[in-house]
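A.B. asks: Fit the two chains together into the complex; they arrive one by one in their own frames, and the hints show the way.
Protein chains in written order, with my numbering: chain U, 1 to 683; chain C, 1001 to 1561.
Incorrect hints may have been included.
Incomplete in silico selection of chain U near chain C, CB under 7 angstroms [as the list claims (entries may be wrong)]:
(1) 100
(2) 106
(3) 107
(4) 120
(5) 131
(6) 342
(7) 407
(8) 417
(9) 421
Derived from the structure by calculation, the hints contain no laboratory data. Think of the CB as a built atom: it goes at the ideal place given N, C-alpha and C, for glycine as much as any other residue.
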Amino acid sequence: MGAVRLGIDIGGTFTDITVLEEDTGRMTVGKVPSRGSDPGGALIDAVERGLELAAADAGDVAMLVHGTTIVTNAVLEKKLPRTALLTTEGFRDVLEIGRHFRPDMYDLMQDKPEPVVPRERRYGVTERTDAEGEVLQEPNRDEVSELFAVIRDSGSQAVAICFLNSFVNPENEAVVRDWLRQGVPGIHVAASHEVCREIREFERMSTAALNAAAMPLVTQYLEDIAPKVKAVLPNANILLMQSNGGSLTIDAARDYPVRMITSGPAGGALAVQRLGAAVRRPNLLGVDMGGTSTDISLIYKGELRMTTEGGIDELPVKVPMIEINTIGAGAGSIAWLDDWNGLHVGPRSAGADPGPAAYGRGGTEPTVTDANLVLGRLHPDRFVGGDMTVDLEAARKAIEAKIAGPLGMSAAAAAAGIVRIANANMERAVRVSSAEKGYDPRDITLLAFGGAGPMHAAALAAAVGIPEVLVPEHPGVFSAVGLVMSDIRHDFGQTKVLRGEEIRGDNLGPLFDSLGREANEALERDGVAEQRRDQRRSADLRYVGQAYEVNVPVPEGPIDDKAAADVIRRFHERHRQLYAHHHPDKDVEFVSGRVAAIGSMSAPEPRKRDTNGGAERKETRPVYFERANGYVDTAVYDRNTLSSGSEIKGPAIIEQTDSTTVIHPGQRARADELGNLMIAIGE
Amino acid sequence: MRVDPVTLEVVNNALVGVAEQMAATILRTSYSTVIREMLDYSTAVFDLNGRIIAQSCRIPIHLNSMSRSLRTTLDEAIPIDEWRPGDVVVTNDPYKGGQHLPDVQTFLPVFAGDDLVAICGTLGHHLDIGGMRPGSYAGDAVEIFQEGLRIPPVKLFREGRIDERLFAMIEANIRQPAMTIGDLRAQTAALEIGRDGVLELIERYGVRTIMDCLEEAIEASEGRLRDRLREIPDGTYESSYFVDDDGVVDEPIRIVTKVTIEDGTIRIDFTGTDPQRRSPINATLSSCESAVYFAILSVIDPSIPANYGVYKPIRITAPEGTVVNALPPAPVVGRNAITHTIVNSLMRALSEVVPERVTAAYYGMSNVHILAGDGGNGRDSWIFFDIEVGGWGARQNKDGPDCYSQGIHNLANTPIEMVEATYPLRFKRYEFIPDTGGAGRQRGGLGVRRDIEFLDRSGSLNTQFDKFKIAPFGLFGGGEGATGSIVMNPDGPDPEDLHSKTVDRAFRYGDVFSMRTQGGGGFGPSEERNRASVERDLREGKISADHAREVYGLKGKGARS
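In isolation and in its complexed conformation, chain C is listed as follows (with noise of 0.2 angstroms):
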C-alpha cells in the first residue's frame, strides 16, 4: 500500500467535495433549464492521463465519457505542454470521446506553481447547439454535419482571456445563445472553484499523496469488481433486443449483448449488432462504453466507486460501423435509444445469473420533446427542452416505482409552473395511467401522460422517443410493461397519433401534444402476486377492476369498484 487507509479515506473524500462544490456552482448559476431544472450536467477532477481523480456525476451517461474525450484532447489535439495556466479548453465532439453535440465539455487546467499537477472538467447539455432544428435533436438528419455545430478540442480561453472571435463563431451558429453562454460561464466558473479546491488540497496533502490515494482508488475499485465477478460462475450468458426503428426507415435495430464471465473479468460481445444507420440513432464507442460501465456496475455491485479501476475488467467487443460503434459522418443525437437498449438487453442476459440483482425491463428511453415558437412580428422566439420518463422494472421482491428514473440517464422534470412562467404553453394533465406497469408477481411501475397545450402563434414539435412497438420485456413469467405513444389533439374530434421520433411537425395556437410513457416489465407470474397488493392497486387506482380481474384473477368484494 503507498497511502495508510485514513489518509487514503480523507483525500478521497475531499477529493469528492471538490467535485461537489463544482456541481454546486453549476447548477445556481447556469440559465437553460435543460441544466438547472433537468440536472443533466458533470463535474470532475482529472490526472494528466486524464483518469478521473474525483466526480460529482450526476448523469451515468456522462461515465467515463469526459475521461475519454480528455485523453483525446490530449493524444490528439493539445499536448500536456502547450496548456497554460487560465486556459478553458472546450468540446463537443462525438467522434473524440463526446456523446452527442448538446453536450458541450470544457477543461481548465491546475497549476501548481509552474508545474501542471492536475485539469478540472465540466459537461453540461445546451439547450441548443445549431444544426437543422430547434433544440438539436434532427430526427431526419442523415450526417453529423446536419445535426449542429461540431467543435473539435480548442481553446475558448487563452490564458484567462477569452477568444472573443471563436466566441462570436460559437454565437453564430446557435440558436439561443444568450441561454449557451450564460452555461457556458456557469461551467468556466466552476472550473475555477474546482481549480481552487484542488489547489488547497494539494498544499494540504502534497502532489504525491493525492496521486497515490487516485492508485490506490483505482487498484481498491479494480480489486472488489474482479472479487464480485469471481462470486458470479463463469459462463456466457446472451440477449437481445430492439429498438423500434430509427426514425427515417421503418424497421427494429438488434442489439445483441453476448456476456461471458471468466476468472474476474466480464466480457461483452456485440457482435450481430445491426450496421449503423443513416438517422441519428447511432451511438459512439464512447457511449456504448458508458451504457455498459453503468450496467455492469449497477447490477454487479452498486457500492464499488466509478473510477478508471472498474473498467480495467470489463473488456468491450464493439464491431465498427453498428450502431454500438458509429463511424463518422452518422448522425447521433439520437444514441439514447441504442444506450438504453444496452442497458436493458444486459439485464435480461445477467437475470440468468443473479436474477435478485437485476429488474425486468425499464421505460427503455429518454423521452425527449422540443417544443419551438417560431418568433417574428414582434414575438421571440424560444425553445422548450424536456425529457419524460416511464416506469421501473420489477425486481424479484419489490415492484418496480412508479415514473422514477431509471437506467443511463438520471433526470429532474421540468415544474409546470416554471414552463408555463417561461413559455406560452399550458400544462393539461400530468397523472399516472393505470395499467401500464408489467403483470407479475412484482408489478412493473407505471407510466405517466403529460398534456401540453400550446399557445403561441406557430411552432414546432420534435421528438425523441421509443419502445412505442418493442415493449419493455418482463422476467421470469412477468407481462410486459405498456408501449408509449404521443397524440396530438388527444381529446378534440381528430386525434392523431404520432410517430414516435417526430420531425418538425407544426403547432398551431390551441394544439395539444399528449405524451403517455412507457410501463416498466414484470417479475414472476402474475398469479402469484399477493391479493392484498392487487387489491391495494386496486384501490389506488393504479389497475382497473378489469384488469385485477383478467390479469389477477381478482374476484369477491375487492374487485368491485
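Isolated chain U, as found in the complex (with noise of 0.2 angstroms):
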C-alpha cells in the first residue's frame, strides 16, 4: 500500500475517523466513541481503529490531519486558563463594555456575556498611537516592567495585549510583547496584532484574548498527542484543523489557537466543497444536520465564503473562518405548545442525554427523532445501524401528550407538522446563507450530511426552489471527511484605508508583495516545498461612508493600474449582486488586502466504481408523507447494496449505518459512480 492519510475529528460523542488511501483514492471511514476526560486517548483509539478497518500499515501514514474542540469546549463550559490583558492605558474596560447592545430587545432577566478576561486582570499600559500609524506614546519599559510581577502573582498563564490602533501600525504591541516574554519567562503572550490585523477595537481584544486564554490549553494537548502519535505513526506529519478550511502545523497551532474555534463544521464544509468539484457542481449548500443544531455552508462557482464576523458563545472573534450559519434546529430539537397553542420546534435540543423520548432515558418531550420514527421514516430496531433499539410507543405517546392531545391532531399529522417546522426553522437559514447573498436557489445543489441532514434534505430543497439534494455515501461521518482533503492555510490581512484616485498599482503592488512574503515565509517555516506553494489574494472594499466591506478576488500577477481598476469593477458587480444596487458613479474605499498562503497537499480524485445499476428492496412499510396525506407503502432500501448507476423513484427510505435518507413521492434518486445519491427534486 502506498503513503495513507488519517483525518481524525473528536467530537463531543463520537470520534470520527477517515482513512484515504493517496494512491488510488479509497477512503474508508469509521467511528469510536470518544473519552470525554482524555481525548488524547481517545485519538490513539481512533488512530489504531483507523489502520485496522482500513488494512493499513502504520508506517504508511504520511499526514494526520486532526480536528478538535478543545477550545470550543473549554470556552462553551467557561474552563478558560487564567488570562491576562494589557490594554492602552483607560481602555482596559472595553473588554467587558462590549458594543453594550442586547440580543434580546424585552427580556429584563438577561445578562452580558462574562468578559473572558476579568476586570482584576486587566491592565492599562500608558501608549498611544493614532489612526493614521503615528505612535504619540512609546510605551516605558520601567512602566511595564513593574506589571511583570503583577502578572506573575495574578496566577495567570497568559496574555493577551491590545493596543488602539495597532492594526495601523503594530509597533508598540511589538515591543510589549518582547519585554513580557522576557520579563515572565514561560508565560503564553498573543498580541492583537498578530492574531488579527483588523479595525475595531472590542471585537479585535476579544479575539486577542480568546486567542491568549487557549495557548496554554493547546500546547499542553499538543505536547501530549504528539509523542503519542509519534510512536504509533512514525512517518506521520501531524497537523490541525482550522475554521477557514484549511490545515495548521503544530507550532502554529500553539501560537493561534482561536482559529480552530470552528474546524469541526469547517471540515464539512470543505467536504461539501471538494465534493462538489468532483461531481461538477460549482454552487452547492451544504446542510450538517446533527443532534442539537444544523450548519449551513455556501459554495459558490467552486469557492467558499470567508468571513471575519464570526464568533463563539456571544464572543466576537475576528479571524477569517469559512462562512457557516449555525441555527438550533437538530434532530433532538424539542417540539412545544405556548400558553395559547401556537406549536414551535426548538431551539431547545433533548441532546443525547435525556435525547428523544423514544430513547428511553427519561424523556418526556417529543423531539424531531421521535416525529420521525412516527411518520415511519426512521425504524426503531434499526437505529445507528441496528446497534441501538428505540421505542416507538414512547415517542408515539410523547407526541399525542404535548402536541397531537392539546391541538385535537392525530400522532401523525402532529409529527408531519414537527417535521414541517423543523424543516421551516431551517429553511430561514438557508435563505439567508443564500437568497439573501443573491444566488438563485435553481442554480444550487443541496449537499445533504451529518446524522440527520438526509432524513429532510429533500422536503427542504423542495421548500427552497433548490432542484437536486446530493447524499454522500457516508453522510454522518462527512466533516471528517474534509480533514484528510485540506490543504495548510494561513489568512494574512492588512488594513490600509485607500480611496478613489488612491487605488492604484503603485499604492496596491507594495501591499500585497509585503503579504505575500508573510505568506511565503509562512509556509516555508511550515516545510512546504516550493512547488506545493500557492497564494490567493482578496480585497475588501466599501463605498466611501460605508461600514461593511465586500470581499473580491485580486487578479493574478503584478499589480497595476490595470489590476487595481480591475478590483474596482468586480467590486461594483460584486455589491450589486449581494445587495441590489450599486454605484459605478460614487467613490470606492480599499480597506484591506488579504492573502492567503496555501500549502497545496492535493488530494486524490474520489475513486469511481463499476456500475451495474441493481437495487434490491430490502422491506415495504409504511411511511407518512404530506404528499399522500397519510401512511403509503414505501420501498425500502439498504444504502450498501446499491450499485452505481441504479436509480429509485420515491417514495422511499434509504438505511444506512450511519444516516436515513427520505425520498418523497414524485422524486428520484440515483446513485452515481463515486457512490453519492443524487436525489432529483422535480417541480
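C.D. replies: In C-alpha cells:
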C-alpha cells in the first residue's frame, strides 16, 4: 500500500475516522466513542481503529489531520485558563463594555456575556498610536516591568495585548510583547495584531484574549499527543484543522489556537466543496444536521465564502473563517406548545441525554427524531445501524400527550407538523445563506450530511426551490472526510485605507507584495516544498462612508493600474449581486488586502466504481408523506446494496448505518459512480 | 381557527425572515454611523390597514411607530387607491405618527399582479435633517420648525422613477446630503428585497392564508397578554418620576403613571403629568405609546410576539398638551428623556405586584452627544453623533449589568478606531466608574466614563443627557444609582461642568469632552448583600474600599486593597 492519510475528528460523543489511500483514492470511514476526559487517548484509539479498518500499515501514514474541539469546549464550558490583558491606559474595560447592544430586546432578566478576562486582571499601559499609525507615545519599559510581578502573582498562564490602532502600526504592541516574553519567562503571549490585524478594538481585543487563553490549553494538549502519535505513526506529519478550511502545523496551532474554534463545521464545508468539484457542481449548499443544531454553508462558483465576523458564545472572533450559519434546529430539537397552543420546534434540544422520548432514558418531551419515528421514516430496530433500538410507542405517546392531544390532531399529523416546522426553521437560515446573498436557488445543489441531514434534505430543497439533493456515501462522518482533503492554510490581512484615485498599482503593489512575502515565509516555516505553495489574493472594499466591506478576488500577476481598476469593477458587480444596488459613479474605498497562503496537499480524486445498476428492496413499510396525506407503502433499501447507476423512485427510504435518506413521492434518486445519491426534486 | 398551527408557525417564521433580510440589507449598505454602527433602524411588513405582519425591530421605541405613520398616511395623505407599483412614500412627521424628525420612514406597496396586497416599511435614524444645530438635536428649539425639515407623507419615487425635484429640495435642507441620500438608497433597496420576499411567500401560500395567519397571530398575542394580566391581582398601582429639566427652563418635569389592572386589561393614565414645554423635551402620543407597550411587554411577558394584538388590552390615557402627548408646534427631538422616564416609572408602579419581573431604575436616558466640525478654509465640515448608555437597574435575584443598553432603545456604541479613522477626534478614556451602581442586596450596573479630544480647528458640541440631578431609583431598600455628568477639560486646570442639555458649546483644538453616565439603582437592602459579591466587586475595582466599608460594612481581609 502507498501513502495513507488519516483524518480524526473528536466530537462530544463520537470520534470520526477517515482513512484515505493517496494512490487509489480509496476511502474508509469509521467511528469510535469519544473519551470525554482523555481526548489524547481517544485520538490514539481512533488511529488504531482506522488502521485496522483500512488494513493499513502504520508506517505508511504520511499525514494525520486532526480536528479538535478542546478550545471550543473550554470557551463554552467557561473553563479557560487564567489570563491577563494589557490595553492602552484608560481602555481596559473595552473588553467588558463590548458593543453594549443586548441580544434580546424585551428580556429584563438577561445578562451580559462574561468577559474572557475579568477586570482584576486587566491592566493599562501608558502608550498611544493614532489612526494614521503615528506613535504618539512609546511604552515605558519601567512601567511595564512593574506589571511583570503583578501578572505572575495573578496566577495567569497567558497574556493578551491589545493597543488602540495597533492594526495600523503594531510597533508598541510588538515592543511590549517582547518585554513580556523576557520578563515573565514561560508565559504565553498573544499580541492582537498577530492574531487579527483589523479595525474595531473590541472585536480585536476579544479575539486576542480568547487566543491567549487558549494557548496554554492547546500547548499542553499538543505536548501530550505529539509523542503518542509519533510512537504509533513514526512517519506522519501532524496537522490541525482550522476554521478557515485549511490545516495548521503544530507550531502554528500553538500560537493561533483561536483559529481552530469552528474547525468541525469547517471540515464539513470543505468536504462539500471538494465533493462538489468532483461531481462538477460549482454551487452548493451544505446542510449538516446533527443532534442539536444544523450548520449551513454555501459554495459559489467553487469557492467557499469566508467571513471575519464569526464568534462563539456571544464573543466575537475576528479571524477569517468559513462562513457557516448555525441554527438551533437538530434531530433532538424539542417540539412544544406555548400557552396559547402555538406550536414551535426548538431551540431547546433533548441532546444525547436524556435524548428523544424514544430513547427511553427519561425524556418525555417529543423531538424531531420522535416525529420521524412516528412517520415511519426511521425504523425503531435499526437505529444508528442497529447498534441501538428505540421505543416507537414512547415516541408516539410523547407526541400525543404534549402536542397532538392538546391540538386535537392525530399523532401522525402532529408528527408531520413537527417535521415541517423544523424544516421551515432550516429554510429561513438557508434563505439567509443563499437568496439574501443574491444567489438563485435553481442553480444550487443541496448537499445533505450529518446523521439527520439526508432525512430532511429532499423536503427542504423542494421548499426553497433547489432542484437537486446530493447525499454522500457516508453522510454521518462526512465532516471528517474534509480533514483528509484540507490544505495547509494561513490567512494574512492588512488594513490600509485608500480612496478613489489612490487605489492604484503603486499603492496596492507593495501592500500585496509584503503580504505575499509573509505568506511565503509561513509556508517555508511549515516545511512546504516550493512547488506545493500557492497564494490567493483578495481585497475588502466599500463605498466611501459604508462600514461593511465586500470581499472580491484580486487577479494574479503584478498589480498595475489595470489590475487595480479590475478590482474596483469586481467590487461594483459584487455589491449589486449582494444588495441589489450599486453606484459605479460613487467613490470607492479600499480597506484591506488579504492573502491566503496555501500549502497544497493535493488530495486525490475520489475513486470511481463499476456500474451494474442493481437496487434490491429490503422491505416495504408504511411511511407518512404529506403529499399522499397519510401513510403509504414505501420501499426500503439498504444503502450498501445500491450499486452505481441504480435508480430509485420515490416514495422510498434508504437506510445505512450512519443515516437514513427520505425520498418523497414524485422524486427520483440515482446512485452515481462515486457512491453518492443524487435526488432529483422535480417541480 | 382559520389556519392549522403548523401552517401558522411556518408562515410566521417565513414572514419574520423577510423582515430580517430587509434589515440585513440596510445594515450592510448604509452610510452613516448612526445606522451602520449604532443599529438605529427597523424594518417591517404591513397589511393594508397598516397593521404589522412581521417586523425586525431593532429598537423598541420604533414599536408601533411605523404602523401609526402608515395608518395616518393612508387615512390622511395617500389613500390606498393612489399607491402604484414602484412608488416609495417617505415621511418623518412626528405629528403624523413619527417620533422625531431624524427618523425617516419609507414605504413601498407590494402588488401581486394588479392587486395591492401588502406594504413594506423601513425606519432609519438619519445623521442630520437640517434645523438649528448639526445632527438636528437643537436643545434650544422652542418650535418644531426649528428642528429641521418636516416631510409629510409624499412620494419620493413614482412608479419606479425618483422625483428629482423633491430629492433636490431635501438635499438643499440638510447638512450631510451624501450620507442621508446614501442611507435613503439603502432603505429603498431594503424595501425592494422585502417586496420580492413577500411576493414569493404569496405565490407559495396565497394572500388569504397569509392574512389568516396574521389574524391568528394577532389573536394569540392578545389572548396571551390577557391571560398573563389576569394572573396579576386586579388593582391600581401608581408611581411618578421626574426628568431633570427641559434644557431651557431649569425645573423638573413630573410624569405620573397610574396603572390599573382589571380583568385582563391594563390601563395607563398619565393624568397629572406636566404640561408640554417650550423646549424639545416633549413626546408625541406615538412616542408615549411605544414606551408604554415596551414597558408592559418586557415586564408582563417578553416572549409574546409584539404585534397589533398586544396593543388591544392596553389602554392609554394621555391628556393632550402634556409632555406625553404634545401638540404642534412643540419641538420633540429630545423625547427620549420622557420615554425612558415613562418606562422606569411604570416598572416602579408594577414592582408592587410583580417585583420579580422588574428592574430598579436604569440609567434612564439615550445620552446623545453630537460633536461637529465647522469646516471652512479648505476643511470639510463633519458631524459625529453617538449615544452612550449606563448601568442597568438591579433585579430581585441578579445584579444589574454594567454599561449595557436597557429600556426603550437598544444601541451599539461606535468603535473608537472607526471614529478616529473617520473624524478628527481622539479618545482618552473609556472605562467603568467605580461606586456608580446603586447599592443593594443586588447591585445596580455601573456607568462609564468616555473622554474625547477634539482635534479640528473649530466646532461645536450639542448634547441631550438627563438624570444629572434626579438619580435612578433603587427598589425595596436598594440605593440610588449615581447621577451622570459631562465635563469640559476634566484633567486641565479649569474643568467645567456642562449642562445635561448643552447647546452649541464651542470647541477649540485640544478640548476634551468627558461624559460620565448614570449607574443603575440597587435592589433590596445593602446589608443583605452577600460577602462574596462585595469582595468580588472590590477585587475587580467596581467598588472602592471606602464604599465596601461604609456601604456594605466590609471588614477584615477583603477590605484591604
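A.B. asks: All the hints need checking, so say for each whether the structure fits it.
C.D. replies: Verification of the supplied hints:
Hint status for residue 100/U relative to chain C: holds, with the closest Cβ pair at about 5 angstroms, below 7 angstroms. Hint on residue 106/U holds. Least Cβ distance to chain C is approximately 3 angstroms, under the 7 angstroms limit. A cut of 7 angstroms between beta carbons decides the hint on residue 107/U: the least distance to chain C is about 5 angstroms, and the hint holds. Because the smallest distance between the Cβ of residue 120/U and any Cβ of chain C comes to about 5 angstroms, under 7 angstroms, the interface hint for this residue holds.
The criterion of a C-beta within 7 angstroms of any C-beta in chain C is met by residue 131/U, whose closest approach is roughly 4 angstroms, and the hint holds. Evaluation of the residue 342/U hint against chain C yields a held restraint, the C-beta minimum of about 6 angstroms falling below 7 angstroms. Given hint, residue 407/U at the interface with chain C, holds; its Cβ is 6 angstroms from that chain's nearest Cβ, closer than 7 angstroms. Here the hint on residue 417/U is kept, as its CB sits about 4 angstroms from the closest CB of chain C, short of 7 angstroms.
Interface restraint check: residue 421/U against chain C, minimum CB-CB distance 5 angstroms, threshold 7 angstroms, status holds.
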